[in-house]
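Generate the whole structure from the sequences, applying the supplied hints.
If you read the protein sequences in the order shown, they are chains A and B.
The working numbering puts the first residue of the first sequence at 1141, with every later residue one more than the last.
The working numbering puts the first residue of the second sequence at 1141, with every later residue one more than the last.
Please note: incorrect hints may appear among the correct ones.
Remember, identical chains collapse to one label, so a pair may be satisfied in a single copy or spanning two.
[Claimed, not checked] 25 Å max Cα-Cα, derived SDA-like pairs, lysine to any residue:
| id | residue 1 | residue 2 |
| --- | --- | --- |
| 1 | K1227 | L1149 |
| 2 | K1227 | A1294 |
| 3 | K1227 | R1328 |
| 4 | K1227 | L1297 |
| 5 | K1227 | A1246 |
| 6 | K1227 | T1206 |
| 7 | K1227 | A1215 |
| 8 | K1227 | T1154 |
It is worth saying that the hints were derived from the structure and are not from the lab.
Residue strings, one per chain:
Number of protein chains: 2
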Amino acid sequence: MVQIEQDILAKNNTFAQANRQTLAQRGIFALNLVSSPGSGKTTLLCKTIALLGQLPVAVIEGDQQTSQDADRIRATGAPAIQINTGKGCHLDAHMVGHAMQQLDLANSSLLMIENVGNLVCPAAFDLGEAHKVVILSVTEGEDKPIKYPDMFRAASLMLLNKTDLLPYLDYDVDAAVSYARRVNPTIRVIQISATRGDGMDEWLAFLREGVAQA
Amino acid sequence: MVQIEQDILAKNNTFAQANRQTLAQRGIFALNLVSSPGSGKTTLLCKTIALLGQLPVAVIEGDQQTSQDADRIRATGAPAIQINTGKGCHLDAHMVGHAMQQLDLANSSLLMIENVGNLVCPAAFDLGEAHKVVILSVTEGEDKPIKYPDMFRAASLMLLNKTDLLPYLDYDVDAAVSYARRVNPTIRVIQISATRGDGMDEWLAFLREGVAQA
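Given below as structure tokens:
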């Protein structure tokens, strides 16, 4: 089984390299958004697109079933493609390469890839992105980084989301950040509330800087 | 790849049948608790054990890393074993069979198996349990049943958890139940708040009845 897994990952990495090359040539800053189901990724994307103004954004949505998320993104005016993985538990670089071809990507733009909600399997699959961004909502408890360490190790940035709910929870923000740093000492953390707007300035600055440097 | 997947599932099903036979012979009611990370499974288990009184309960905990959950369970006085899956995204019947041998299981008792937090992969793996119970927290949004239909189809019971947070959310309980019924018309739904105690009577009655009939 180890050999089969290595073959799958090697094949994936070849496609990921091709995606990365295309993105670099066109100055596109691509992020791979990973999290548990229900951490608020799609709401975050909709709010982000609205706030980015003139900066062009395209979105690839991954889910086992339904096109609900792509429909929500398209309602903002941004182009979006839905990938349904069926039995599959993660996006792979081959699927993403096809979706990139179908999307009308602008040069010097942002590409957001919303992975299947799963804190385990997407950690192993490079899609050609600049960074994995892990979204952890405060309703999920503090200990997720040490219980699912591969994902938090693979991510460059953790968005600690739904901070508007903190007054109603018994939640220790410092503990969550400290757990994340224990598995990944260099991970950057931004506390946000996508629904209320807290922390969005810092997140938008990260995105604008990424596009400028892509 | 399809052949390999079938081989893995066939092998798993053989172990699951052996577990099921052992459980039936000893009158043990076993549940496989599945959900996203952070839905509140461990808190629910701790509260449930405290409320069950004299009914013997043992717990098998699945996580990629750490023994935090088993430690929390053992603090209640119930026997618990932690399985760390490492890179793995789900428990399988072979792991559970070994854990059952190590646990000091009482006849006519309850065995709770807390799977790895993942709404995708554990759906395909029978552990020998009487039922899969899917926990959906209201902070995860209403649409998870249709986006992760395999899991909600595989479960007999959905616990809609964290209802104490409903006043602070824009959440439509009827929509969540209706989505669950769309993929699984016979699924039973109990609304609970493990932290506040709402709905626990109905859940405990389900458990007591299951043990009585096992």
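Checked hints:
In this assembly of identical chains, the alpha carbons of K1227 and L1149 lie at most 25 Å apart whether taken from the same copy (18 Å) or from different copies (14 Å). Proximity of K1227 to A1294 under the C-alpha cut-off of 25 Å is found in both arrangements, the shortest distances being 24 Å within a copy and 13 Å between copies. For a Cα distance limit of 25 Å, the shortest separation of K1227 from R1328 across copies, 24 Å, qualifies, whereas the shortest one inside one copy, 33 Å, does not. With identical chains, the CA atoms of K1227 and L1297 are at most 25 Å apart between copies only, with a shortest distance of 21 Å across copies and 28 Å within one.
Proximity of K1227 to A1246 under the C-alpha cut-off of 25 Å is found in neither arrangement, the shortest distances being 32 Å within a copy and 37 Å between copies. Taking identical chains as interchangeable, the C-alpha atoms of K1227 and T1206 lie at most 25 Å apart only when both belong to the same chain, with a minimum of 13 Å there against 28 Å between chains. Neither within a single protomer nor between protomers do K1227 and A1215 lie at most 25 Å apart by alpha-carbon distance, with minima of 27 Å and 37 Å respectively. In the homo-oligomer, the alpha carbons of K1227 and T1154 lie at most 25 Å apart both inside one protomer (23 Å) and across protomers (22 Å), since each shortest distance falls under that limit.
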